[in-house]
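Colleague: Chain by chain, the residues:
There are 2 protein chains.
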Amino acid sequence: MRATLLHGERDIRSEQVADPQLSGTGKDAIVRVTAACVCGSDLWPYRGVTPTDEPRRIGHEFVGVVEEVAPDVAKVKAGDFVIAPFYDCCGECANCRIGFTTSCLELGWFGSQDHWGHPTDGAQGELVRVPHADGALTVVPAQPDDALIPSLLTLSDVFLTGHHAAVSGGVAQGSTVAVVGDGAVGLSAVLAAKRLGAERIVAMSRHASRQAVATEFGATDIVAERGDEGIAALKDMFDGIGPDAVLECVGTKESMDQALRSARPGGQVGFVGVPNGGPELPMRTMFSTNVGVRGGVAPVRNYVEEILPEVLDGSLAPGRVFDGEFALSDAAEAYAAMDERRVIKALLRP
Amino acid sequence: MRATLLHGERDIRSEQVADPQLSGTGKDAIVRVTAACVCGSDLWPYRGVTPTDEPRRIGHEFVGVVEEVAPDVAKVKAGDFVIAPFYDCCGECANCRIGFTTSCLELGWFGSQDHWGHPTDGAQGELVRVPHADGALTVVPAQPDDALIPSLLTLSDVFLTGHHAAVSGGVAQGSTVAVVGDGAVGLSAVLAAKRLGAERIVAMSRHASRQAVATEFGATDIVAERGDEGIAALKDMFDGIGPDAVLECVGTKESMDQALRSARPGGQVGFVGVPNGGPELPMRTMFSTNVGVRGGVAPVRNYVEEILPEVLDGSLAPGRVFDGEFALSDAAEAYAAMDERRVIKALLRP
Chain A
1 MRATLLHGER DIRSEQVADP QLSGTGKDAI VRVTAACVCG SDLWPYRGVT
51 PTDEPRRIGH EFVGVVEEVA PDVAKVKAGD FVIAPFYDCC GECANCRIGF
101 TTSCLELGWF GSQDHWGHPT DGAQGELVRV PHADGALTVV PAQPDDALIP
151 SLLTLSDVFL TGHHAAVSGG VAQGSTVAVV GDGAVGLSAV LAAKRLGAER
201 IVAMSRHASR QAVATEFGAT DIVAERGDEG IAALKDMFDG IGPDAVLECV
251 GTKESMDQAL RSARPGGQVG FVGVPNGGPE LPMRTMFSTN VGVRGGVAPV
301 RNYVEEILPE VLDGSLAPGR VFDGEFALSD AAEAYAAMDE RRVIKALLRP
Chain B
1 MRATLLHGER DIRSEQVADP QLSGTGKDAI VRVTAACVCG SDLWPYRGVT
51 PTDEPRRIGH EFVGVVEEVA PDVAKVKAGD FVIAPFYDCC GECANCRIGF
101 TTSCLELGWF GSQDHWGHPT DGAQGELVRV PHADGALTVV PAQPDDALIP
151 SLLTLSDVFL TGHHAAVSGG VAQGSTVAVV GDGAVGLSAV LAAKRLGAER
201 IVAMSRHASR QAVATEFGAT DIVAERGDEG IAALKDMFDG IGPDAVLECV
251 GTKESMDQAL RSARPGGQVG FVGVPNGGPE LPMRTMFSTN VGVRGGVAPV
301 RNYVEEILPE VLDGSLAPGR VFDGEFALSD AAEAYAAMDE RRVIKALLRP
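As they're listed, the protein sequences go chains A and B.
Read in the numbering used here, the first sequence has 328 at position 328, and its numbers run on one by one without any break.
Read in the numbering used here, the second sequence has 139 at position 139, and its numbers run on one by one without any break.
FYI, nobody ran anything at the bench for these hints, they're computed from the structure.
Fair warning: there could be bad hints in the mix.
As the list claims (entries may be wrong) - Computed list of chain A residues with no C-beta within reach of chain B, every gap over 10 Å: (1) 22; (2) 34; (3) 99; (4) 140; (5) 174; (6) 226; (7) 229; (8) 230; (9) 341.
Stated by the list, open to error - Covered stretches of chain A, going by a simulated chain B footprint (3 or more residues, C-beta under 8 Å): (10) 6-17; (11) 236-250; (12) 295-304.
All C-beta atoms in this analysis are idealised placements derived from N, C-alpha and C, irrespective of residue type, glycine included.
Could you build all of it, start to finish, from the sequences and the hints given here?
Modeller: Spelled out as structure tokens, the structure:
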């Protein structure tokens, strides 16, 4: 089959690799990928921020059709159209049951290895072995229309990561919200906040094309300023004290600092930006302002069943974040387009 | 009048000082103190952890009877028995209204200065001027029985600070909870968690007398181990993953680290320990576990009206944390008893 491999800094290639096989655990399935995509976090190794020692498979977001299941798989069968979360989880352990499948006691990652140490496929390929088919995969009731594929694909990661930012930030009916970051996750957080009933949503963005999507998704205000100026603008908009929730969708020390200082006293920062460079949070600031901080790697598998019906009936269309579509064999161009911010998020079709 | 002054490290004196006068703002009241007490945070300057350059008034927790009010005071009148929060707040600004009087835009501190820069009295004295009488003071409907004084006094700070830890930790019906810290605030947090419906409450304590109070207050389990051993013990007690909420009532880097690593994935740390030495929170750990952190200086004025009826009808008796009572003139002995952990918390009577 064909799959994407990262060879080194800005060196992405589409190559022939061996088809995946069932591993022998009895719990896995092979899925033929209908659509995959490039994540902002894929750009870190692409840009060389994290080094690549040898060619490796990449990508962790996909939807597709089950080709084959192992003997102990009960809920998923060949022919099912499925949504995979960006990680592998058992669905049965204490952490999975309590709502945090990202802390599954048998956790595995795509493009890396599963709980048992078997290598796993990257999602940017024609076929992917899913180690816990019953725990990880969500079956879509019928074969979806092609027009729904982008929105269904966002349930693999990006929209539900934005949703996790909003949930972690405590967004509820009537909340006032600011979103730091205008990438695909930040835009998804705008849509998620709108869906949860936020009354006023400020998108922090200085790019016209992204401001336009933010507005489509429900942003009521745009603030282009950053840092101290951005904070001052936000305070001004909300009684001089700031919004209830700030959704941090970047992951740098600067963006987290801005988020923490923007929220009103007693407000909450919901964060999903992968901490880049290990920023630490100042407890003194949190103590004096009572601004809480909550978030992390999004347990998308725990959210997908709640959101899926709204995508299927067309009332929620998070797939709008995909503004570039590429053949899997053109993955190099998809990465370059994301890297150069020519597209918000690139969809890949095998 | 007589008041307590801190002169330097372990040098507390009871002295004659000038009676307070109304300041001219029109908003203040003079209160005759019925009971005050010593806070764990008073021990920091007492121990010389924070330096004392010149003799200063001290104490911030008190209940008493209003002697005199300024012309614009409308809700409070001479003769009222009142509970003061440990800070002064206006009760009317955006932050006071949204639930965080500790971020009042006209905030002041006892034993320091008010919003207008006038010096303020410490609570450990016979009379205290309250800068915003209407905003800060809660009037008790009738003169309370003497037996209720200790419990009413806990609504000035300690019980409601424990309550804030529990609220910030997201404690609700059925929660599993661990409390780090067996001082008066930690014990109050046990009682607050019980009141909020926690199903299982672990007190982390190695002192028999404090374990006994924790058990009276509703602790179902005691763990004497600290650090990695304490964390392992907690994980074992809760499905191998840890409790839902960990209430951090100490404020050191070690105690916060223990709290953060004890909570289950997706759990929450509620913290009220004043950060000592400015510990910072590791975002990587929070990101990977989804453990949230929320808390800070407790907005007790926003909680007192909810809790007061339960104290007045005797169904809640947080005053049990006072296990030593001293005359105001014996403040030096009260401080020594707290410092040497001979008492959990010292009550002072003028």
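Colleague: State the violated hints by number, sorted upward, taking the hints as numbered earlier in the document.
Modeller: Hints 3 and 10 not satisfied by this model.
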